[in-house]
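Given chain H, work out where chain R should sit, using these hints.
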Amino acid sequence: MFILSLIKYEYRKRIHRLNIGLSGVLVYNLLVLLFHYIPASQLLTSTFARNEGVSLLINELSFVYFLPLAILAFFAFVDIYHLPSYAFFRQIPHSSTRILWAKLIGANAEFFFFGTLQYLISLVFFYAFILPQSISYPESHALFKTFVSSSLLFHCLTLLAINMINAIVLFFYSYFSFNNHIKSSSKIGFYLIHTSIAILCLLFFNHIFNNMVSFISSTFYKNYIESVSPINAIYIALFLIGGSLFFSIPFMVLVDKRLDFI
Amino acid sequence: MGAIELKKVYKKYSTQYALTDINLTIFPGSLLGLLGPNGSGKTSLFKLLLRYTQPSMGQILYQRAPLNHSSMKQIAGFIQGNPFPRWMRVIDAVDFYKDFFPDFDLAYCNKLLRQFDLSPKIMVSKLSSGNISSLKLILVLCRVGASIYLLDEPLEAMDIVTRNMFLTEILNAFHDNCAMMISTHHVEEIEHILSDVIFIRQGHIELTANAEDLRIERNMSIVNLYWEKYVHSKLDQIRI
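Going down the list, the sequences are from chains H and R.
Residue numbering for the first sequence follows my numbering, beginning at 1 and increasing consecutively.
Residue numbering for the second sequence follows my numbering, beginning at 263 and increasing consecutively.
It is possible that some hints are incorrect.
What the hints assert, rightly or not - Residues from chain H shown here face chain R by an in silico Cβ test under 10 Å; the list is partial:
(1) 95
(2) 96
(3) 145
(4) 149
To be verified - Listed next, the in silico DMTMM-like pairs over lysine to aspartate or glutamate satisfying Cα-Cα at most 20 Å (straight line):
(5) R:335 to H:256
(6) R:335 to R:451
(7) R:274 to R:468
(8) R:383 to R:365
(9) R:491 to R:474
(10) R:274 to H:256
(11) R:335 to R:367
(12) H:8 to R:361
(13) R:491 to R:475
(14) R:373 to R:431
(15) H:8 to H:79
(16) R:270 to H:260
(17) H:13 to R:357
(18) R:383 to R:357
(19) R:373 to R:361
(20) H:8 to R:357
(21) R:491 to R:431
(22) R:383 to R:361
(23) R:274 to H:79
(24) H:145 to H:79
(25) H:13 to R:354
(26) H:257 to R:267
(27) H:8 to R:354
(28) H:13 to R:468
(29) R:388 to R:367
In case anyone wonders, no lab produced these hints; they're calculated from the structure.
Built from N, CA and C at the ideal position, the CB exists for glycine as well.
Bound-form chain H, shown alone (with noise of 0.2 Å):
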């Protein structure tokens, strides 16, 4: 019941901030738009002909898809690591470990909106302008298509997936910020680790990033394509709620008892 009370403030919160998320996509796919998909379209024909349909894949999947997930990911996971915005809420008769699950509830959702509708949008690109110009081209035009109409399981998983690096990351973070000797620690320890942590998490999800760009570029959308039937999307997005969780366990266990909010 107070859960859905913190809820109502959680959506409250994101509702008064969708315009900035809203103006941000529109910009962004404008941009998009203006300055690679309207040049770039011309030069379409040829790449097709130089039979580089895959590549041609991966570079319009980064640019609409992937890049904006990863900045709409930050945008809406962000107060999570944000403790005074937990603060207000310490005055309330519950401890922080519902106040982290309405946080989550709320990034998720927030995400699970803008995420999809960015992936609408690079459907939208893809009808747009790349299947038309392709139609010439069998081979990339199955490609695409292939694309296109498996592309919601695709992006189901791959919100889960970054669900999944988040709670890594929260896992980390926990860890390092709850540790009393590293709290009590002189200012410039304190920062050179967090910097540290910082570093190790971009290269993290650098590699993640790397890891899943050679995937889709070598044989890895094709079977994909192939092989996952429903019930091992299944598996996999278990595997992923359940990463999820197991890795936010030490900052719920922890959030009520150890932290300084202000």
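Quick look at chain R alone, frame taken from chain H:
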């Protein structure tokens, strides 16, 4: 038995202690004034009691049990500054209190909002500092069933008329079964309502006493004592 007990409480931020060896018991029926200069540890003490921070050492007990989120059913308060999230309107803040605190008196709240000209539709971030103080105080005072009120600089940035009106409301809210702790730099304005005073300096409690006993013993008002303890000693330091 005290409502709140602090036993050998220390609070350390980074390398500096904000509070050292705090032993304090707040009894029901007492209206405490927490007095001290800037940086003396008043807000740090409020932060601990309102669970914004955790003690580095020591124990805080509420009705003999360690202070936890359940204790907040009976504890109402705020710290200085603007604690409200940026997206909140006045009505959202009121809803928030109504949703989470069964002891919140909505009718009384609406009456006070009208009395102090606070429009429910306005964004809290657009309010002046004085109006933010008013809103904080209204919300906390409308928790009519609370047994502990912790008011950190409740009269911050208010004009003299509003301060006087709120002092009346604070006295109305106070009753024998509750305890109230107020920190303020307007010592002269709250002196007459205080039953007890705590003098704090550099994170350490220097003196805890009954206000009336202290006046008789030192033959001076609390505000004069405050001047003697903090202002004169500071002036002496400057002269040296």
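Pair hint residue 270 of chain R and residue 260 of chain H, alpha-carbon separation not exceeding 20 Å:
The hint holds at about 19 Å.
Hint consistency between residue 8 of chain H and residue 361 of chain R [alpha-carbon to alpha-carbon, up to 20 Å]:
Roughly 10 Å separates the two Cα atoms, so the pair holds.
Given the hint that residue 274 of chain R pairs with residue 79 of chain H, test it: the Cα-Cα distance must not exceed 20 Å.
violated (26 Å)
CA of residue 335 of chain R to CA of residue 451 of chain R, is that 20 Å or under?
Given pair residue 335 of chain R, residue 451 of chain R is violated - Cα atoms ~30 Å apart, limit 20 Å.
Hinted pair, alpha-carbon criterion (20 Å max): residue 383 of chain R, residue 365 of chain R. Please report holds or violated.
Violated - the C-alpha atoms of residue 365 of chain R and residue 383 of chain R are around 23 Å apart, more than 20 Å.
Residue 96 of chain H as chain R interface residue, shortest Cβ-Cβ below 10 Å
holds (7 Å)
Need the status of pair residue 257 of chain H, residue 267 of chain R: alpha-carbon distance at most 20 Å?
holds (19 Å)
CA of residue 383 of chain R to CA of residue 357 of chain R, is that 20 Å or under?
holds (12 Å)
Against the 20 Å threshold, does the CA-CA distance of residue 491 of chain R and residue 474 of chain R hold or violate the hint?
holds (17 Å)
Holds or violated: are the alpha carbons of residue 8 of chain H and residue 357 of chain R at most 20 Å from each other?
Measuring from Cα to Cα gives roughly 11 Å; hence the hint holds.
Between residue 13 of chain H and residue 354 of chain R, is the straight-line Cα distance small enough, at 20 Å or below?
Between residue 13 of chain H and residue 354 of chain R the Cα gap is close to 10 Å, so the pair holds against 20 Å.
Measure nothing beyond the straight line between the CA atoms of residue 373 of chain R and residue 431 of chain R; if it is 20 Å or shorter, mark the hint as holding.
Measuring from Cα to Cα gives roughly 12 Å; hence the hint holds.
Going down the numbered hints, you'll see the structure goes against 3, 4, 6, 8, 21, 23, 24, 28, 29, while the others check out.
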